[in-house]
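Following the hints, put chains B and C in place on chain A, whose structure we already have.
Chains as they are written, first to last, in numbering that gives the first Met the number 0: chain A, 0 to 234; chain B, 0 to 98; chain C, 0 to 142.
Don't take every hint at face value.
Derived, one-sided and incomplete: chain B residues facing chain A with beta-carbon distance under 8 Å [to be verified]:
hint	residue
1	Arg55
2	His56
3	Phe59
4	Glu84
Pairs of lysine to aspartate or glutamate, EDC-like flavour, derived with a Cα cap of 20 Å [to be verified]:
hint	chain 1	residue 1	chain 2	residue 2
5	A	Lys32	C	Asp51
6	C	Lys142	A	Glu19
7	C	Lys113	A	Glu27
8	A	Lys32	C	Asp131
9	A	Lys32	C	Glu132
10	C	Lys113	A	Glu187
11	C	Lys59	A	Glu19
12	C	Lys128	A	Glu31
13	A	Lys61	A	Glu150
14	C	Lys139	A	Glu187
If you are wondering where the hints come from, they were derived from the structure by calculation, not from laboratory data. Only a predicted model underlies this, so the values are computations on that prediction, with no experimental measurement involved. Virtual Cβ for every residue (Gly too), placed ideally from N, Cα, C.
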Amino acid sequence: MSTTHGHAPIQESGQLSEFEVLELAVRELAIEKGLFSAEDHRRFSEWAESRGPHGGSKLVAKAWVDPAFKERLLTNGTEACKEVGLNWLEPTGQGTPSDYTFFYVLENTPKLHNVIVCTLCSCYPRPVLGMSPDWYRTPNYRRRMVRWPREVLAEFGLHLSPDVEVRVHDSNQKSRFMVMPMRPEGTEGWSEEQLAAIVTRDCMIGVALPRPDWTAQQVPSQATPSQAKGKGGRK
Amino acid sequence: MGRYKIGDRVTVRDATTLFHTRTQGYARGSTGTVVDTRPEWIVPEDEAFGILENGRHEPFYVVRFNQKELWPDYTGFDVDTLESEFSESWLMPAGKERK
Amino acid sequence: MGSTPTQYDTLQRQVSNLNPVDRLLLDSPYTISNELYSVLRHVLHDVGGQPDTPVPFTEKGEEPWEMNTYVTCECLGWRGVWNSEERRRRENDLGMTQYFGLPYYARWITVATKSLIDQGLITTDELGKKIDEVRDRLTKRKK
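For reference, chain A alone in the conformation it holds in the complex (with noise of 0.2 Å):
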């Protein structure tokens, strides 16, 4: 879905920020303390631009094809990614500072239809997913998604029936989620790679549901307007 938001520009074009000069200044000062090396976070900074909504798009794929892997990746999440190439202990050896290593899958069924939110923070599987939507960050979403969840899933353009059981799980503490979406009708026979495709970031979330016809790339053209919010700015 993230082809179909604006990019709202924070500042008047070419003006310098406060903040480039306040990070740029903080940043060297630590370098010059031997806080920590311009070395770590180049490689930092190389490990965060790998990462993104590809990642968990190909283990649900995978998950969808071979039951097996989806029972380890239900089972230990953590130890399932590394089948993928996907290790919770980098780039530091020890994982993120801020995502630490104790990654759960939750899995959507008929019945069931999971959603994540951090109403504390901004809590976001990075390792999987990358960085997190910046909505996913305001505290609009945070104030909302626990106690009016269906509300904000209309919003998105998810309307689940009464019969759907909505669990909203508020991500506090040092685990890490991703919702594994039901694989869609209509894909039977698809490569692994075709499915991938399907398996946006927001439907990891728990605000989509994986269509067919809809990829990150790829948004249908019939997409209601609902569907395709998010054009302009917030302000």
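Below, chains B and C without anything else, positioned relative to chain A:
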């Protein structure tokens, strides 16, 4: 081994916290069911203030609540639930609530 | 920002507009009730369930300084200078105006800076000098 096991009914303590907490206000005083256990982690009350070497470690639990019991005016359906994690000292057996 | 008396006056007026007033006038009252105190000391980041109206859930994408802030904060954690829970606690310490007033990663870099100062790892005067030096350098580069 922690004090609670999967299936136990537990109530989240309603203790005063100043400055920082990871036990959400909405969960306090609410009763739910332990649905999973977690490893022993350092408690955030110590970690948040840099007390690492002597920081207390406790078992953590995943507790599932019925949404209708968490919010007085919940607008969803009876089947809806919410899960979150709590350290052992934030929990007590259900039915032992004060007052 | 405050280089001339007029500019400084403008800044002061803007600061006074930030008074944490939201329907309730709070300007260092002589006394307050326990009830108001319990509202004021509610841990800021604990927002789950607070009523709010729908807004468009938009995406902006990371600016370079935002990604750099994330990485700098993680490197400080990696090398044991602080930990992520300390960061989250320090964000609460900012108080309501800055917690909700600063962009997400501006909160991060602000509290990382404060942690380094509190721990005696850097001083405010060397930080101020460094900020001015970096600003000059980046301004020249952008020209």
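Take a quick look at whether C:Lys113 and A:Glu187 sit within 20 Å of each other, Cα to Cα.
Measuring from Cα to Cα gives roughly 55 Å; hence the hint is violated.
Does B:Arg55 meet its interface restraint, that is, does its C-beta lie within less than 8 Å of any C-beta in chain A?
At about 14 Å, which exceeds the 8 Å cut-off, the nearest Cβ of chain A leaves the hint on B:Arg55 violated.
Hinted pair C:Lys59 and A:Glu19, Cα distance within 20 Å:
holds (17 Å)
The hint names B:Glu84 as touching chain A; please verify it with the least Cβ-Cβ distance against 8 Å.
Hint on B:Glu84: holds, closest Cβ of chain A at ~4 Å, below 8 Å.
Below or equal to 20 Å on CA atoms is what counts here, so check C:Lys128 against A:Glu31.
Roughly 14 Å separates the two Cα atoms, so the pair holds.
Interface hint for B:His56, Cβ within 8 Å of any Cβ on chain A:
Constraint on B:His56 not satisfied, violated at 12 Å.
Given the hint that A:Lys61 pairs with A:Glu150, test it: the Cα-Cα distance must not exceed 20 Å.
Violated: A:Lys61 and A:Glu150 sit about 32 Å apart, past 20 Å.
Next pair to validate is C:Lys142 with A:Glu19; report whether the Cα-Cα distance is within 20 Å.
holds (16 Å)
Within a Cα-Cα threshold of 20 Å, do C:Lys139 and A:Glu187 meet the stated pairing?
violated (59 Å)
Holds or violated: C:Lys113 to A:Glu27, with C-alpha atoms at most 20 Å apart:
holds (15 Å)
With chain A as the partner, please determine if B:Phe59 meets the hint condition of a C-beta pair closer than 8 Å.
holds (6 Å)
Is the hinted pair A:Lys32 and C:Glu132 satisfied, with a Cα-Cα distance of at most 20 Å?
Within the cut-off at roughly 17 Å; holds.
Consistency with the previously given hints fails for numbers 1, 2, 5, 10, 13, 14, ordered from lowest to highest.
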